[in-house]
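The first sequence runs contiguously to residue 1914 in the working numbering.
Source of the hints: derived by calculation from the structure; they are not laboratory data. Model, not experiment: these values are computed from the prediction. Be aware that one or more of the hints could be misleading.
SDA-like cross-link-like pairs, simulated, lysine to any residue; straight-line CA separation at most 25 Å [what the hints assert, rightly or not]:
#1 K1612 <-> A1551
#2 K1881 <-> E1838
#3 K1522 <-> A1492
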Amino acid sequence: MRLSRYFLPILKETPKEAEIVSHRLMLRAGMVRQQSAGIYAWLPLGFKVLQKVEQIVREEQDRSGAVELLMPTIQAADLWRESGRYDAYGKEMLRITDRHEREMLFGPTNEEMITDIFRSSVRSYRDLPLNLYHIQWKFRDEVRPRFGIMRGREFLMKDAYSFDLDQAGARIAYNKMFVAYLRTFERLGLKAIPMRADTGPIGGDLSHEFIILAATGESAVFCDKALLDTPVPGEDVDFDADLTPIVESFTDKYAATEEMHDAAAFGALPEERQVSARGIEVGHIFYFGTKYSDAMGAKVAGPDGVEKPVHMGSYGVGVSRLLGAIIEASHDDAGIIWPDSVAPFGAAILNLKPGDLAVDTACESAYATLNAAGKDPLLDDTEQRPGAKFATADLIGLPWQIVIGPKGLADGVVELKRRATGEKQTVSLESALARVTEKA
RNA sequence: CGGGGCAUAGCUCAGCCUGGUAGAGCACCUGCUUUGGGAGCAGGGGGCCGCAAGUUCGAAUCUUGCUGCCCCGACCA
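Generate the whole structure from the sequences, applying the supplied hints.
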C-alpha cells in the first residue's frame, strides 16, 4: 500500500478522552474512532489488525476441531424467555422492538441460540462431540464503558459452544479449548496465563480465565513464576490425543485473580516465584453442564437409547479487546510495537525524498520486492518531511522500517530499523530486503 | 447506578469570574524557502461557542432544564 493513497488519519495530539495507553495509541495511530460511548468505527489500519487477530483465533479454533458458523446479532426475546435469562439479564441487554412490536434484542452472547440450533438437528450421541463457534459482534450496554476498545459496549467476540453426552466428554472438549487458547495467545505474541475462575453455582474446576500480564491491567493477579516458562504446545499438537498432561502442566501451578486469590497457598511458594501483577482478561472458558439443555430441552439419545440433556461449555475470546491488550503489552513512548503475526503491514518503506530519481527508484524496487514476497509493505511516498515520517512509522509500529534517502543512497546504503528493539543497521538495500523477507 | 468533571475551529486549549463584533497553537489551502528524527516566513479558508428556554438594549460569558462525553467507585469479554 502506498501511504499517499491510504486513509491513515494520524493525530499529533492526544484526544482528551483517552486515558490509557492503548486507547491513546489507537486513536493517534488512526486505527479507530469513537462514534458513541463504547462504540467505535474501525478505520483501515485498525480493521486490518482486527482481521489478523480474528484469523489467528479462527485458525486455532479450526485446528482444535471446532466448527465455524455465524449467528445473527439480533435475537428474539422469546428464545431468552425459555432459559429465563430475558428477565434475569438486566439493563446490560439492549432490547429492541421491531415494527410489529415484537421484542428483540442485540445479542450479548449466544447460549440460547446455539442451543436452539443444536436441539433442532441433533438427536443422537453419534453426532457428538460437537463444538460450534462463531466470531460475531456483541453488544452489552455497560453502565460505564471505558478504556477505549478494551471495554466497549459493542465488541467482537469469538464464542464457542461444546456439546457432549456427559461430563467426562465435556472435560475433553474443555481441554481442547484450553490448549487452543494457549496456542492462540502465543501466536498473538502474548503471554497468557490461565487462572482458575469462579464457577458459580455449577461448581467444579472447569472454568479458567486467560489473563495477559500488563502493568495497566484491570485486576490484580497472582501466579507462580514457573507458569511464565511453561511451554506452549506447538502446531503439531494432537487434539485427538489425551490433552490432560498439557492442561495439568498449567493448572498444577498457582495462578489466581484477586477474587479467587488464596494468600496462604500463594505464600507457600518460594518468594522468588511469587509473581504479583496486573492482568487483562482476554479469554474465558467455562463448563456449565445442562443449564441450558435442561431449560430448553436439548437432549440426545445415548447408546442405551435413553434421552439425556447434553453437557455444554462455552468458550469466549474478546477479539477486539485483544488489540487493546496487545498494545498495552507491547508499546513504548513513540508508539505501538506490533508483534509480527498481527502487524497491519509487514514493513514500512520510508521515501525520505520523493521526486529524487535515485530514491524513488530504490523505494519502488523495495516495494515491488516486498510485495512479491508477500510482506505487504507500506510505502511512505508522501511529501512530508523526514522527521514526520519517522514519527508516523514509530507510532503505527510496523515491525521493520527501511529508510531510503539521498544521503545513504549516495553511499549505496539504506537504514534498516527493527521497531521492537530500536536496533538500526546501515546496509545495502539488498541485504535489508533479505533480512525483512527471511523466515523468522 | 452513586460521586466528580468537561462541552468554544478537524485536534489541544484560551476567552466566561467582571455580558459589548470569536481567539491561539497544531492541522488544512496558496506561494516562497527548507529537506535524515513531528521545519520557517507570508497570505488564506474554516465556528448555530452541545441543545432549549429565561434574564438583558445586548449572552460563548449570568440563570434553569436537557443532551452528550470523560474520570473514580460498584459491575463486566
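Cross-check of the supplied hints:
| no. | hint | verdict |
| --- | --- | --- |
| 1 | K1612 <-> A1551 | holds (16 Å) |
| 2 | K1881 <-> E1838 | holds (17 Å) |
| 3 | K1522 <-> A1492 | holds (22 Å) |
The structure meets every hint from the earlier list without exception.
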